[in-house]
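Here is how the chains run, residue by residue.
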Amino acid sequence: MATTHPKSSTANRRWRWFANHTASVLAVASTILVIAPLVAIFVDLVYKGAVSLNWNFFTKLPAPVGENGGGMANSIVGSALLLGLASLMGVPIGISAGIYLSEYGRGTKLSNVVRFTADVLNGVPSIVMGIAVYGLIVVPQKGFSAFAGGVVLGIMMIPTVARTTEEMLLMVPHSIREAALGLGVPNWRSMLSITLKTAMPGVITGCMLAFARVAGETAPLLFTALGNEFWSTALNQPIAALPLQIYVYALGPYDEWHRLAWAGSLVLVFLIVVSVALVRFVTTRGVLKGAS
Amino acid sequence: MGVSIEVNNLNAWYGTNHTLQDITLHIPANEATALIGPSGCGKSTFVRCLNRMHETNPIAKVTGEVKVGGQDIYSETSAVEVRRRIGMVFQRPNPFPTMSIYDNVASGLRLNGYRNRRVLDEVVERSLKSSALWDEVKDELKKKSGASLSGGQQQRLCIARALAVDPEVLLMDEPASALDPVSTAKIEDLIFQLKVQYTIVIVTHNMQQAARVAERTGFFLNGRLVEFDSTHKIFTNPGDKRTEDYITGRFG
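Residue numbers (the working numbering), protein chains in the order written: chain A, 1 to 292; chain B, 1001 to 1252.
Simulated from the structure, these hints should not be mistaken for lab results.
Any given hint could turn out to be false.
What follows is a list of derived Cβ distance ranges for each label pair [unchecked claim]: (1) A/Asn20 / B/Lys1061: 36 to 42 Å; (2) A/Ala277 / B/Gly1070: 37 to 43 Å; (3) B/Asp1139 / A/Ser96: 50 to 56 Å.
With a Cα cut of at most 25 Å, we get these calculated PhoX-like pairs of lysine-lysine [said to hold, decoys possible]: (4) A/Lys109 / B/Lys1061; (5) B/Lys1129 / B/Lys1061; (6) A/Lys197 / B/Lys1144; (7) A/Lys197 / B/Lys1241; (8) B/Lys1129 / B/Lys1142; (9) A/Lys197 / B/Lys1142; (10) B/Lys1186 / B/Lys1138; (11) A/Lys48 / A/Lys60; (12) B/Lys1144 / B/Lys1129; (13) B/Lys1143 / B/Lys1129; (14) B/Lys1186 / B/Lys1144; (15) B/Lys1142 / B/Lys1186.
Glycine residues also receive a C-beta, built at the ideal position from the N, C-alpha and C atoms.
Between the sequences and the hints, there should be enough to build the whole structure, so can you do that?
As structure tokens, then:
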């Protein structure tokens, strides 16, 4: 072709070069803008938290007011217990609700109600959840308890787990379900062993998301688990939790408390990251070559 | 061994759409029977009625009688039982993506509760040999995902999976339409070997394929069975003008 196409004139090429690079720069800048606060928080946390971390922090109880030293051993164990309770309740109920929404309740009135409720529940401020469980469990039992704390965190996990489970199950291709049914596999079996198994990586991500979210919750625990300066793993007694201890120490008047609050925050973040990584590691073991 | 299938006055609907109208035909045992016809003529719906997959769609409805080996599959047994006796291979290969090649083939037995390792090993090997895939995958049976195979291999894996539950009939819904000519030829070879043991019903858009693999051919049009006869007769001397128009490429 001897004639030059008007679109590929020199001016046009320059304009395209300019537009292309502007878009790239903008995209990179936005990415940095998103990551920067996270990195800043994390660096600050490590910087301020690491200096107060020592062996005592993980093994000792909080020191009485006026004394230096002490640790958060009871809070670490308390948080683990609360989160264990919450997962025990939130994960099975959430996954079951998700299965109902995607596999059995498609288009029914009940499923629409459940879906709407889950979305609203997800948006309810956590302190309101705390008050609700305070009224439902703490008041009738006449006392704050680890059980009440586990329940409120568990309830907060349900909507996230249910909705992600539903979305992930819907992403499993219809042809996979047909393959199972075509082999003479009963519906329930195909649901559990094929559809849910295929969607499992996504479902686990949803569970971890919910877990990480409630692990840092403080407000609902104020009305339920209350916090505890002493060792306690009894379910019917108030129990310590890392976010609660951080809250108390951060608001306190002593520099030593502030330092411990920083250390506690670092440990909390670290424990969340470790548990999420651990679950991921355990559940992705044995994934096959070329599995999608 | 394969069994014969007798269909009497079969009618099927999707919602208000009457997709199959008064189908009556007799499919003999241990033969390949091809079903041809333009898209939307009801041939896929028809094979899905033969193993009660049609009813998995909530708006689907079916009436009439389908007897497989003398047993009415709609009144004398359960859908799950029927599908164990009548295997199905779908248009697009659909191996279970999270399972290894071995687990894919063993899935039909395992999901129905069989656990004996030795029996499973034997069945997997036999099924993969029957579907002519064994030599290509035998070294990576448990390491490789079924989804990592090529399209043609995946389809043969799906055939092996269907054979592993030891069905009497094998339904194939356009099993080669998503495959290249080499893979298609392999599937066709396979059909020749398989009909010694199984009754095969194959839906196809490819008329040469029907002519190559099937003893009998049925021509569907607009939800009706226009003609059903020996493949030779259908392709050389069809009894109905519409069949002739279709196989000579005048429409469809």
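request  = Output the numbers, in ascending order, of every earlier hint that fails for this structure.
outcome  = 1, 2, 3, 5 and 7
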